[in-house]
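Chemist: Based on the sequences and whatever the hints tell you, model everything.
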Amino acid sequence: MSFLSHDQTLPLGLDDNTLQRLTTGLNDQQLIWLSGYFYGRTAAGRGEVQSALQAQAAQPAAAARLTILYGSQTGNSKKVAQQTAEKAKQRGVQVTVQDVNDYATRSLKTEQQLLLVVSTQGEGEPPVAAEELHQFLLSNRAPKLPDLRYSVLALGDKSYLQFCQTGREFDERLAELGAQRLLERVECDVDYQEAAQTWADRVLEVIAAEANAGNAGSSHGPLTATETLVASAQEAYSHHNPFEATVLEKIQLNGRGSSKETYHIELSLADSGLHYEPGDALSVVPRNGEALVAEVLQAAHLDGAAPIQLSGVEFELGTALTQKLELSVLTRDVLERYAAAAPQHKPLADIVTDIPQLQQYVYGRDVADLLREFPAELSAEQLAAVLRPLPARAYSIASSLLVHPEEVHLTVGAVRYATHGRTKHGVCSSHLADRLAIDHTARVFVERNEYFKLPQDAATDIIMVGAGTGVAPFRAFVEERVELGAEGRNWLFFGNPNFTTDFLYQTEWLQHLKRGTLRHLDVAFSRDQAQKIYVQHRLLEKSRDVYGWLENGAHFYVCGDKARLGSAIQEALKQVVQQEAGCSAEDAADYLRALKKQRRYLEDVY
Amino acid sequence: MAETIKLSEVEHVKDGSNYLRGTIDDSLQNRVTGALNPDDTHLIKFHGSYQQADRDLESERKRQKLEPLYSFMIRVRVPGGVASADQWQRLDALSDAYANGTLKLTTRQTFQLHGVLKRDLQQTIAGFNQVLMDSIAGCGDVNRNVMCSANPQESELHRQVYEASVAISNHLTPRTTAYWDLWLNGESTYSSAINEGEQEDFEPIYGKTYLPRKFKIALAVPPTNDADVFANDIGLIAIEQNGQLLGFNVAIGGGLGMTFGMSETYPRLADVIGFVPAAQVVDVCEKVLTIQRDWGNRENRKFSRLKYTIDRVGLDAFVQELHQRLGYELTPALPYWFETSGDAFGWSGGQDGQAHVTLFIEGGRVYDKPGYLLKTALREVAGFHTGEFRLTGNQNLTIANVEPRHRSRLQAILEENGVWSRTEKQTALRLNSLACVALNTCSLAFAEAERYLPQLLDRLDQVIRANDLTDDGILIRMTGCPNGCARPYLGEIGLVGRAIGRYNLYLGANHAGERLNKLYKEMLDEDGILRELTPLLEAYAAERQPAERFGDFVLRRGLVAATTHGQNFHA
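For the record, the sequence lines run as chains X and V.
Just so we're aligned, residue 1 is where the first sequence starts under this note's numbering, counting upward by one.
Just so we're aligned, residue 607 is where the second sequence starts under this note's numbering, counting upward by one.
Quick caveat, the hints were computed from the structure, so don't treat them as lab data.
Here the structure is a predicted model, which means the values were calculated and not measured.
It cannot be assumed that every hint is accurate.
Calculated cross-link-like contacts (lysine to any residue; reagent style SDA-like; alpha-carbon spacing at most 20 Å) [claimed, not checked]:
(1) V/K671 x X/E261
(2) V/K668 x X/N498
(3) X/K453 x X/R443
(4) X/K260 x V/E666
(5) X/K542 x X/G553
(6) V/K671 x X/S259
(7) X/K514 x V/T647
(8) V/K671 x X/G257
(9) X/K596 x X/N552
(10) X/K158 x X/P389
(11) V/K671 x X/T507
(12) V/K671 x X/V523
(13) X/K514 x V/D645
(14) V/K671 x X/R393
(15) X/K260 x V/V638
(16) X/K542 x V/V638
(17) V/K668 x X/Q456
(18) V/K671 x X/L521
(19) X/K597 x X/Q578
(20) V/K668 x X/K542
(21) V/K671 x X/S258
(22) V/K671 x X/N140
(23) V/K668 x X/T507
(24) V/K671 x X/V247
(25) V/K671 x X/L510
(26) X/K260 x V/T647
(27) X/K144 x X/Q180
(28) X/K514 x V/V638
(29) X/K250 x V/E673
(30) X/K424 x X/R393
(31) X/K324 x X/Q298
(32) X/K532 x V/Q635
(33) X/K514 x V/Q635
(34) X/K542 x X/Q570
(35) X/K250 x V/E666
(36) V/K671 x X/A414
(37) X/K514 x V/A641
(38) V/K668 x X/L510
(39) V/K671 x X/Q252
(40) X/K87 x X/R202
Modeler: In structure tokens, the structure reads:
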């Protein structure tokens, strides 16, 4: 090729051989087109950089840039981040909102003001999206950040011992690296909205005050929000204002003799305007059972008619215990408050200060157990103050709105067990299983699950791994894909104890298989043979095809029990990759990490 | 060239099955359903198993989005009904490990395990293979379990007749290796189907499409017709001289199944066509079977049994073909006399000092319940018993050749477990009752049988006792459908299910299985059955002639006309 002459000076890193390799097989026309294309591409890139630099230069020095990062699993952090950005915008602050998953860690050094909204998963782990930044920051590669001002909003669930652990770690580490807090960290429980808004207002207040102090007459630069803010119709219904959904159908899915008790519940969304997508969850606001309320009252030697106040509203104690306060599980915060209210119990004080003991104590105990083991003459008002609000329980939605307009289906496993001499019931599952009949109403609202969604491209294959009620979202996924005529293949792995009684939605899956709308169905019934067989074993048996699908761009979904399924599937998948790609364990771990990063490995575990 | 024959679906399945393999292997490996691939449900029968579903749970499970609760019945062949104590113990254990915990003793002297899940089929079959039992040809379009009179009193004769039944059974067992390929990992350690030196599957008798329909052979030793020989495609009546077996009168063309609403279908008793010396009996069976193989109807399975072939071509033409294929003629039948088709219960002594005890097993079901630990008792007996367990053709059990030193121990076990009283204290009506499995597992059943007959008998027993008929054996037989598993058309009282709780009542069969009954009343519920039978039993008690059987009495009274041939059963 004549135009590539030897005396031409090539840019650094490019030599004739490379050029030759890159251009082999291209004709002159293609080469000319490419030269134009690359020129254009470079020019555009430079332009971006330039305009950004100009914008920055034009800003008064004191009007620092604000970046809001969110590390979200279910979408709550994202929601808060976006709301905060909206408020900032209204105050005229230049703000960038970004998913921490897409954030380049090296940018941290150049940040000036950073707000981090991050949730904590399970036993104190960061959400997948925040894993990389978390690892980077906590490592010794993390840079000093003396110029950074920041604040952390930590989302969590107080029923977990490692409450808001991730937010705490980010906050403390940033301080260690020399960054200055704009505002002390705020930790939110499952009912986060109010605290989050207060945090946002206060931190923006601080930012505004500083900006005014530094440059009184500064004009505000253009606003950039990298993601569109969506005003959601969903928010009309919430924990405090749930929709009363009528029960249309309720079916016990387990055959006779099963060790499980799983219900398929169909609820009407008629006239609610509620909308959801496969992968979303439906939160149900439960009520405590009469028997448990009576036991608590008895153990506390209190009268259910005693008046109390909750957030300034009058209730009878019995009503509050039924509708407003959590009784069926014990959490650290409740234990701490109770220990403080009943200081005469020295052993209880010891338990509260010793995490392993605390962990052991709360396991399988409820409020009635606590009151009985450590009796204290609390007043009705005191008792109500010790207890925590009764949280709503979120269930992965098992239906597609396209197939079941104005309906939402749930797959609910009734939680029952006997500990400490009494039979315990999961508050929400037993509410649904025992006390909710057809034509009754359940109080519900939709909770969006930001990431646990079908691939945007309908041609993408999906592999779904569901154990027990974890199969629920996959029923919705397959229904939706069938209805949309998605060409991508669907593969389901399902596990439960026994084939004859616990194969949830078996006839539906068999129909899908027959029609080809489910390409493969692999099942593991752990108790049908002497040695236990789980879904991860089936995954390994099918390693070649699983890897083939992943290499072909498949998305991989896992739903079910966190402790038993989450890590087992990750381990199995790493083994699959190691075996099929012939690579090292480290490379396989990287492969999985990359899948997560690309949001192709998605978990909905609980 | 003859006109094109439109073969039935099952014929195509057999033809394409590569000697009964089909896709059974694939079906077994499919974990997402408890069922087999549809075509394999036909083929699995040849391996001794029926795919069934629990009909009690049918609609419940449908609502639960669960497929029907599929399970398998496995029929273990016991030629002549003779099992060893080891074999009994093994089946007892297998029924607990893989089936529903019970054993069903059938009207064809086989064991049935019910409720075996697909995933346990191989282990179950391998389990009885280890005690030299198999299920091949337990069902399907082949010669089924060969029945033989369980009558132990005539020891030497019984032995010789039994040996003939085993010889016939072995000769007519399919040769395909599919059975041990599928169930025994290809290990042919034992199967009655072994054909030494054969490299490829080859069915010298059946060919690759086997028979048009099932085929049944039974042998009886007069005067007891406990094998109901006339209900079989081939019935062989032992003829003895001085206690030694001479040979057999041969009867052909029996079969009881029919279809409601199709009068072209009918039960038919076998016709006696002559006598064959014992040495040629296997040959005669093979030739009758192969004529049916060649001449039987393969288009419509409702008309595929030998009985229809014979009535289509004529008995004479059939016998002529038989003589031609044999190369010799059967000699005229020799005189014989049957007294009863029922069993004799309790203890009896053999010629050689050994003793036998025949127990009434209601519905043929061996199980335990409080106060009646039959299964436990028999398990215990099997632990020391050195003789055999003989299944009778009436779903009962003879513990045969009990050593004198074991007799009192055995008796004590039967008494302690509540078993003895079940035989001793029954009305003869109940002792002579038969019931098929029917609901909840049989897919053909329209009504209850085994689960219901005991309750009906509770009410009938009151009538029996009130009329002092306690010791009068009357054959009462109930089935859940018209296909005849409990030989209802040979019942002096035949009850055939039409719908849940509704039965057709048939009367007039003779007590020795030599005359079919006839429809008396249709669609009776329980009160209706009592209403019809009570006056008849009262009249029988009051007006019968000496030694007159109930089946003969109702004919004499003109309540029904005698059925003299299958073709006038509906008349």
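Chemist: So, for every hint listed, does it hold in this structure?
Modeler: Hints, verified against the model:
Of the pairs offered as hints, the one joining V/K671 and X/E261 holds, with about 14 Å between alpha carbons and a cut-off of 20 Å not exceeded. With a C-alpha separation of about 17 Å, the suggested pairing of V/K668 with X/N498 holds against the 20 Å cut-off. At roughly 24 Å between alpha-carbon atoms, X/K453 and X/R443 are farther apart than 20 Å, so this suggested pair is violated. For the hint pairing X/K260 with V/E666, the CA-to-CA distance comes to about 17 Å; that is within 20 Å, so the pair holds.
Distance hint between X/K542 and X/G553 is fulfilled; the C-alpha atoms sit about 17 Å from each other, no more than 20 Å. The suggested pairing of V/K671 with X/S259 holds, with an alpha-carbon distance near 17 Å, which does not exceed 20 Å. For the proposed pair X/K514 and V/T647, the alpha carbon gap of about 18 Å is at most 20 Å, so the pair holds. Between V/K671 and X/G257, the direct Cα distance comes to roughly 16 Å. Compliance with the 20 Å bound is thereby established for this hinted pair.
The straight-line distance between the Cα atoms of X/K596 and X/N552 is roughly 16 Å, inside the 20 Å bound, and the hint therefore holds. This hinted pair checks out: X/K158 and X/P389 have alpha carbons roughly 11 Å apart, not beyond 20 Å. Proposed proximity of V/K671 and X/T507 is supported: the alpha carbons are some 5 Å apart, at most 20 Å. A distance of roughly 16 Å separates the Cα atoms of V/K671 and X/V523; the hinted pair therefore holds under the 20 Å criterion.
For the hint linking X/K514 to V/D645, the alpha-carbon distance of about 16 Å falls within 20 Å, and the restraint holds. Taking the CA atoms of V/K671 and X/R393, the gap is near 25 Å; set against the 20 Å cutoff, the hint is violated. Taking the CA atoms of X/K260 and V/V638, the gap is near 19 Å; set against the 20 Å cutoff, the hint holds. In summary, the hint linking X/K542 to V/V638 is supported, as the alpha carbons are separated by about 15 Å, within the 20 Å threshold.
A hinted pair counts as satisfied when its Cα atoms are at most 20 Å apart, and V/K668 with X/Q456 does not qualify at roughly 35 Å. Using a Cα cut-off of 20 Å, the hinted pair V/K671 and X/L521 holds, with the two alpha carbons roughly 16 Å apart. A threshold of 20 Å between alpha carbons decides the hint, and for X/K597 with X/Q578 the separation of about 19 Å falls inside it, so the pair holds. Our distance criterion of 20 Å between C-alpha atoms is broken by V/K668 and X/K542, whose separation comes to about 30 Å.
Our distance criterion of 20 Å between C-alpha atoms is met by V/K671 and X/S258, whose separation comes to about 15 Å. Restraint check for V/K671 and X/N140: the C-alpha separation of about 55 Å exceeds 20 Å, so the hint is violated. As the CA atoms of V/K668 and X/T507 are separated by approximately 8 Å, the hinted pair is consistent with the 20 Å bound. A C-alpha spacing of about 18 Å is found between V/K671 and X/V247, which places the hinted pair at or below 20 Å, so the restraint holds.
The suggested pairing of V/K671 with X/L510 holds, with an alpha-carbon distance near 10 Å, which does not exceed 20 Å. This hinted pair does not check out: X/K260 and V/T647 have alpha carbons roughly 31 Å apart, beyond 20 Å. A threshold of 20 Å between alpha carbons decides the hint, and for X/K144 with X/Q180 the separation of about 12 Å falls inside it, so the pair holds. A distance of roughly 12 Å separates the Cα atoms of X/K514 and V/V638; the hinted pair therefore holds under the 20 Å criterion.
For the suggested pair X/K250 and V/E673, the alpha carbons sit about 18 Å apart, so the restraint of at most 20 Å is met. The hinted pair formed by X/K424 and X/R393 meets the criterion: a straight-line CA distance of about 17 Å does not exceed 20 Å. Between X/K324 and X/Q298 the alpha-carbon distance is near 18 Å, which keeps this suggested pair within the 20 Å criterion. Only pairs whose Cα atoms come within 20 Å are accepted, and X/K532 paired with V/Q635 is accepted, the gap being roughly 18 Å.
Of the supplied pair hints, the one linking X/K514 and V/Q635 holds, its CA atoms being roughly 17 Å apart against a limit of 20 Å. The suggested pairing of X/K542 with X/Q570 holds, with an alpha-carbon distance near 15 Å, which does not exceed 20 Å. At roughly 13 Å between alpha-carbon atoms, X/K250 and V/E666 fall within 20 Å of each other, so this suggested pair holds. Between V/K671 and X/A414 the alpha-carbon distance is near 18 Å, which keeps this suggested pair within the 20 Å criterion.
Distance check on the hinted pair: X/K514 and V/A641 sit about 14 Å apart at the alpha-carbon level, within 20 Å; holds. Between the alpha carbons of V/K668 and X/L510 the distance comes to roughly 13 Å, so the proposed pair stays at or under 20 Å and holds. For the proposed pair V/K671 and X/Q252, the alpha carbon gap of about 9 Å is at most 20 Å, so the pair holds. A C-alpha spacing of about 11 Å is found between X/K87 and X/R202, which places the hinted pair at or below 20 Å, so the restraint holds.
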